[in-house]
Amino acid sequence: MNIRTLLRLELKNRISGNSSSKNSWLKYIGYPILLAAAVYGIYYVGCMFFEMFDKAGIAYEALVILYTVFFLFMCFIGTSSTIKVLYYKGDNEILMRYPVSGTEVFISKTLFLIITQFAITAVVLVPFLVSYGKTMALDMEFYKLIPVSVLFMMFIPFFISNMLAIPIMHLTNRIRNKFGLIIIGLAICVTLMFAAYMLLFDKMVTFMNDTEFSVFSDGFVAVIVKVAEYLIPTKYFADVLIGHQLYIAYPVLIGLTGFGLIGTILVIAKLYAKTLLNNIEVEGSAFKRKTKNRPRPIFMTLLHKEFLQVFRSVNYSFQYFVLACAMPVMVYFCNNITLQLGKDQIGEQIALGMTLLVMLIFATVITSFSATSVSREGDNFYHTKVAPVSIVKQLFVKFFMYFIVSVLANGICVGVLIFTKQVEAMVGLWIFVIVESISIGLTLSSMRMDIKRPYFNLSGEGEVVNNNASTTLSVALGFFVAIVEGVLCMFLSYLAADGFVVPGTEFVLTQNLMYIVCTAFAGIVLIGSIFNYCFKLTKTYNKIAK
Amino acid sequence: MLEISHLYKKYMNSERFSVEDLNLSLKPGEIFGFLGQNGAGKSTTIKCLTGIYPFNSGSITICGHDIQKDPINAKLNMGYVPDNHSVYEKLTGREYVNYTADLYKVSKRDRNERFEKYVNQFKLNKAVDNQIKSYSHGMKQKICIIAALIHNPKLWVLDEPMMGLDHQSMVEILKRMDDHCADGNTVFFSSHNLDLVSKICDRVAIIKDGRLQTVIDLHIKGNKETLETTFCKITATEQDLINQESTLSRNIILHD
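Keeping their order, the protein sequence lines are chains A and Z. Using my numbering, the letters of the first sequence map in sequence onto residues 104 to 649. Using my numbering, the letters of the second sequence map in sequence onto residues 2 to 257.
What the hints contain is simulated information worked out from the structure, not anything from laboratory work. One thing to keep in mind: the hints can contain errors.
[Claimed, not checked] Pairwise CB distance ranges (calculated):
id, chain 1, residue 1, chain 2, residue 2, range
1, A, Y201, Z, N85, 25 to 35 Å
2, Z, K225, A, Y201, 25 to 35 Å
3, Z, G185, A, V495, 32 to 42 Å
4, A, K639, Z, Y9, 17 to 27 Å
5, Z, D22, A, R399, 35 to 45 Å
All values derive from a computational prediction rather than experimental measurement. Here a beta-carbon is modelled for each residue, glycine too, at the ideal position from N, C-alpha and C.
For reference, chain A alone in the conformation it holds in the complex (with noise of 0.2 Å):
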């Protein structure tokens, strides 16, 4: 009966949040749909997938690199929700109060674990499989084999996953501190990350635009095949489900399964209990530093102040510098394909909107940050009111900081584009300003934003969890402006490509028109905002009430 509360009460803390009964009501329509179209896209893209790599003649190796980074995926997945539900300080500390024994927690806590490892399954590898299936014309033999591979690729992964939390918890315990190497660390695994996807990405479009013939070389299929045949065990789940060396593939994914197992088992045995008290226990996570007393003027202090709140936290470093520090690269990727995209159905003409287009969407996502900036001051929101420093400049401080922020990341994103010639030196410039200003606008909006309606209900280390509205707000803002600004520019390029004369008149359209309308709307979202900005800023802030 415990067991069942205990695990009710993990799903709901988990999934649901706290939501009213409309909401519920939109829940219970949006999700299935969501669900749906997300189950349907996952299969478009393996068909598409599946049907590039068969092309090349390389679809069994295709699944097996699929098996492969589902399962890494899988571990991943696994190893940080068995450390967030399994060992979490602050939820254990309450349900060691309530008269449940330790082995009721555990097994509500397995069995909700479990259950996420069979949706993500599910939801994610079922369509990719089903896909492979259709591409490939395979028989009914095939899908019935199916719930055999969910249910390895479900067990393994988790049982691994086990065995590795607590190991890799103390290892993120002692480098949680190494803030640099941490920002550095996921810089780099976010960038790989993307560039991988990108690439992929890039080979699929390629494909789409002509399906008649392999995008890959001969010297890539051989390294495909070679890769393939050395991805062990994964490939044993492909082996599994089209029947091809069975006589191994079952006898090892049996084997492992029981061996995680018993793994788990005796790392359960031995070792739950002392880690679960020691996390409660210690406060592992804080660290000393030596300094000395070193005066600093003011702005510099509250821009140190600043910048070390966010660096010193993985979740607002994560949000900012990392994506800030990847943004060249995916600005890059995204902007070539997608050039590559326009071009080809619609014009060259449309190549420099694209860039501004894919620009502006990536400023907006590194500028959402500042919709934050008094909200993430949580408890210590009474410091800037009784501090003997002006709003303005202590809001200033903050604005400077995203600036500087801003500043680096579209100045190094133009610099590649200039670099990789996707656009010319002065036409790159022109971008730089016109992105700049229109981060500038967008920066000071969002934090209008939040001063208007901050969200002081933090969780954890006191860091906003959830993004508030204002973030949301900032989002949509951004998105809007960029679709005009890129829209104008095209639309605009392309009548000036074609001599277009105004009816009635005989004005033509020209490229530099082009310029100056984009420029314009540049300056006004840059002007407004700073009005609005400003518009009794000093006022609308004393009336925050924390």
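Since the structure of chain A is provided, determine the placement of chain Z on it from the hints.
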């Protein structure tokens, strides 16, 4: 030192004033206690005078500087210790105190001197370079106090400073208050601990339902001894009186 004149404060969406026509005048060199039941308006008054809350009408001047018209100079003369001990937990204790010292433009010499003095007095030497999130409740309170005193403010405001502190920590804070006033500065603090207030304060004010009820000079003979009775008489509700007349199950009479 601190002049509060006809202060009115009403929260948004509230129908009644949380603080109504409050007048107070604090002299240099005195420790002033601010008493009242929960929700009486103590913290609201303190938050108004520190600049955290805007207020509807009236005026607050600190060392001659109006908190609304000249907030920077008013705040430069004040040190504040909040009731929730909130500090930037990602900083170390030293970083936090230095941050505050920078905002109050404390010179390097004064900063070093005061820092060492207070860190020693509050026995935080070992922890001062640790990240604040590892601090205990009492340690956080102490680092708040050091940060509030680093610029040697003329007016030191504390909102329920003894809440949740052990005896030793309370004694340390009381000693600091006494030393601070001995130098001609003023301490203004709210508390629920009548015994402590009667021991350390020169004067106390009692507030009920946002209105100042009385200001008692504790140097006048007999006032210290009768403070608790006076406080109860002023603030007690009908239910409080019933509770006081009743006895506990072990026959201990609650009211003398």
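Hint check results:
no. : hint                          : in the structure
1   : A:Y201 <-> Z:N85: 25 to 35 Å  : holds, 28 Å
2   : Z:K225 <-> A:Y201: 25 to 35 Å : violated, 48 Å
3   : Z:G185 <-> A:V495: 32 to 42 Å : holds, 34 Å
4   : A:K639 <-> Z:Y9: 17 to 27 Å   : holds, 22 Å
5   : Z:D22 <-> A:R399: 35 to 45 Å  : holds, 43 Å
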